[in-house]
Amino acid sequence: MSWDSFIYFALAAVLCWSTGAYFAWKGKDGKVWFFTLAGLAVFFAFIIGMWVSLERPPLRTMGETRMWYSFFLPLAGIIVYGRWRYKWILSFSTLLSLVFICVNVFKPGIHAKSLMPALQSPWFAPHVIVYMFAYALLGAATLMAIYMLFKKGKSMDRELNICDNLVYVGLAFLSIGMLFGALWAKEAWGHYWAWDPKETWAAITWLCYLTFVHYRHIRPADWKKACLILLLAFICLQICWWGINYLPSAKGQSIHTYSTR
Amino acid sequence: MERNNHKWEFREGFLIGGCLLAAGLALQYILGPVDWRWLAAPVNKIVLALLTGLIAVIFLLRKKVQAFEWMMHSYAAVSSLACALALTLVMGLTTQKPSGGLEWLSQMIRFWPFVLVWTWVLIVDGLAALNHFLRMRASEIPFILNHLGVFVAIVAATLGSADMQQLQMQVHYGKPENRALSEYGEVVDPGLAIELHEFTAEYYPDNTPKLFASEITIHTRDDSHLRGTVLVNKPMKVDGWKIYQAGYDQAKGSKSPYSIFLLVKDPWLPAVYAGIYMMIAGALCLMLFMAPKPIRKEDEQ
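If you read the sequences in order, they're chains X and P.
1 is the number of the first residue of the first sequence in the numbering used here; add one for each residue after it.
1001 is the number of the first residue of the second sequence in the numbering used here; add one for each residue after it.
With the rest of the complex left out, here is chain P (with noise of 0.2 Å):
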């Protein structure tokens, strides 16, 4: 056969960005919007497997096909973060709306080309991170905190969306609560109640508020009472639970009835941390050793 000599660039980029624009329009036509639910465990780890596996698959190919090798430079970095950048362009200048509607751009996260071109940014920024671990060389501890830091962090944070729980509890005076309400409007039992002792609210002088804080009691399943004061910036935490103080009755101010929390578990969040850990600690890197070498003005002369 012979070998194709045409060396693939930007233009090649493009079009895989214009077939994933395509593909997901066919999708979020057939199907309608994505729907993140789908991914609840262990779907979630499957997808891992498989996006790790097709990087991997990639990478081992990269000699024999030329895409994959064309995705492993930074021809496929830029074609791929210009297409994500265009679309999340288009989502910052429409309204996004929480829910309903069926326009396709005002719901930008479920808008399946926004999901696939991310989803290529994220296999173009693994390959790179794999290419260059693999070389085992200390110089290359930046490039792959920088790199392997936004996948862990992206694809965690993505795909743990579906096991992250986010749920509203009401709680009144003298009538400990067992019952919240999930971002879907269900009734759920997190396994654990809340008696609210006393809520607080401060105001300054112009009336702008000062402090929110709600003094409460978490009884948990296995019978042990947890006392403590939650405001805003200082959830309490327990049992994988963390529990913010999230609202209360905003015309009685600090003669409220009721406290509202806001209580979060998301099993995904370490890995979501380490990520974010290792983007920081590559952000250091950058400015300290990533940065080309400067050209003094001695150095011209």
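So here's chain X without its partners, still in its complex pose (with noise of 0.2 Å):
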């Protein structure tokens, strides 16, 4: 097995999810069962043989731990779907995993080209997709929440599970996101939080998130004030992606800065 016959078992795995994804939005569990676990069984085939044809774990190079999370991601989604069947979750993780297959089949060097020594590391992707995920979740949350605002009158008590649901489950991931970096900056930095501007405002958007959920639990019945905290803390987490790259305070004085000169 080779990269060579990848594209064929990346097509038939899409193709299953894809399948499924559909189904969720009909409402017809068995069928979105058996799709995403059809796609997931033929892409993990592809896994062992490149497993057993390298001789050792495919888990070292870049395109091989973007294969992982092209595995990964629809894996992800069918446990959350198992859960709180969301409907949209499932498109979302198919879609999400397409984009890495592409990137693998596109353009199978895109990292192992300039990849700086600092983000040579198996922590990288974890770290980064993780991140991502959350800021997905996150950025539903708050789009509910800015509906909820406008949207006056009438109960909102499935809106407001909703985002909830949303929330905690992209708290959980932001919370691994900055744990696995910290874990990661240990290995590449030598200490696991500097407070450097990236990590401080990852620390905000935290404590943003925390309070939301803390004042959900204490003060159920006033969502208004809760969708407030919201907005504020998804501010905080555009500042903390790409915003402290404008902010003065914040202006190289980053190490999480990693644009080429």
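Check each hint, because a few of them may be wrong.
[Unchecked claim] Straight-line alpha carbon distances no greater than 27 Å define the calculated DSSO-like cross-link-like pairs of lysine-lysine that follow:
id, chain 1, residue 1, chain 2, residue 2
1, P, K1097, X, K251
2, X, K87, X, K26
3, X, K28, P, K1293
4, X, K152, P, K1293
5, P, K1293, X, K31
6, P, K1293, X, K87
7, P, K1293, X, K224
8, P, K1007, X, K225
9, P, K1293, X, K225
If you're looking for bench data, these hints aren't it; they were derived computationally from the structure.
Dock chain to chain to rebuild the complex, using the hints, since each chain is given by itself in its own frame.
Below you can see the structure in the form of structure tokens.
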């Protein structure tokens, strides 16, 4: 098995996952599980094949880690679907997985080419992907909060419940992304937390979502203030993600900048 | 005595936050910025005992003192988190300087109000962990992992910072080096010597760095010799030290006559990692068990 046959396995898997995602919108649980698991089996067969032919676990190159992520995303998707029945989750995870498959098919060496030493680490992919997933979920929660703030009247119970769920899962991913970052920083820079501007803003964002969760717990009826906390949290998240590149206090201070001169 | 029926909520929380701010400013004025080196062992162990003791006392007297009862609820969590958030926001919006400078806000981790407010967060968090732990129920495990994890990780990281050594060592070819420079500029003997055999720097065609590596032998006090290669992201471990590739003569690139290493010893690291692993397990629980039960369309109809 080699990368040459990757495209066939990947296409078959994506086809299965898309079919599963389609049936999620239709609410046909049995078919959702069948097609998603079939896609995962096809994809995993390729991973096993690579493992055997390489005579080592395929976890070394960036392409290999991307391959694992293309596999894990629909897996996470089906777990989340099983628990919460979000109709959109499988479409979302399939799309994200497809992005990584496409990178592997069209630009197999994109990272190997100019990945600077600090980024050459097995932590790179998990740290970034987990954060990306968190950002997506928390973005969805923010949209829900804006919708609730503008659409007055009526019972908001269902919207509020979806919002809570998105934040809980998003906050879990946000925490894991941050902690993976700490474990990586220890290996790369010698310390797990150095109050670098990026880290400070990650802490700020994390505190915002913690405040939201605890506020919801103690004042469940006051959803308007909770929605406002979510908006503030998302602004902080944006500053953490890309805003610090323009923030005077962070300029030239962060070692999290990897732009090449 | 007449029992006060007014229930403590957020206003009291922000009042406590205000008091901590005032007390912190006073301390900053009288003592100057927090000097974390005060905490070096055994002081950090005493502080740890005092902190856990304080949490135990607050917990035991919770039925007697209204303020302590209040500390057990999410009101305290929200107020303390909001205060910590405000001060950390100030930190994010001000340029932080590693050392020197007398401005209070530009060294936030040495700013007393910042330290006091974060301590308050940790006391509330520790109380929550203790309270739920004593219920001795399996269903409390996710809550305990999250709250105890945060407590262990942050307390160990903070108290341990004074015992952590971060040294820089510049090693030239042919001259085994046993002197290193501490972060405070003192010359220190780390108890090992490093001999540089070969420094390698590779670049991509567009001149961005691709790889830095130093082939070295580490000579320890007990006369053992460990040969290996140190790369960025791949430190070497010996005698409780982690040795990192930190720098080289950038003007000379691959022909650099020396290599710079970072030597780190952090005796509290296992405790910090224990907290981090608890938090990771707690986060997994958060997504699997702790989110509120979904309301499905069919339930409404």
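Results for each hint:
no.: 1; hint: P:K1097 with X:K251; verdict: 12 Å, holds
no.: 2; hint: X:K87 with X:K26; verdict: 8 Å, holds
no.: 3; hint: X:K28 with P:K1293; verdict: 21 Å, holds
no.: 4; hint: X:K152 with P:K1293; verdict: 24 Å, holds
no.: 5; hint: P:K1293 with X:K31; verdict: 24 Å, holds
no.: 6; hint: P:K1293 with X:K87; verdict: 16 Å, holds
no.: 7; hint: P:K1293 with X:K224; verdict: 21 Å, holds
no.: 8; hint: P:K1007 with X:K225; verdict: 21 Å, holds
no.: 9; hint: P:K1293 with X:K225; verdict: 22 Å, holds
Checked against the numbered hints above, the structure breaks none of them.
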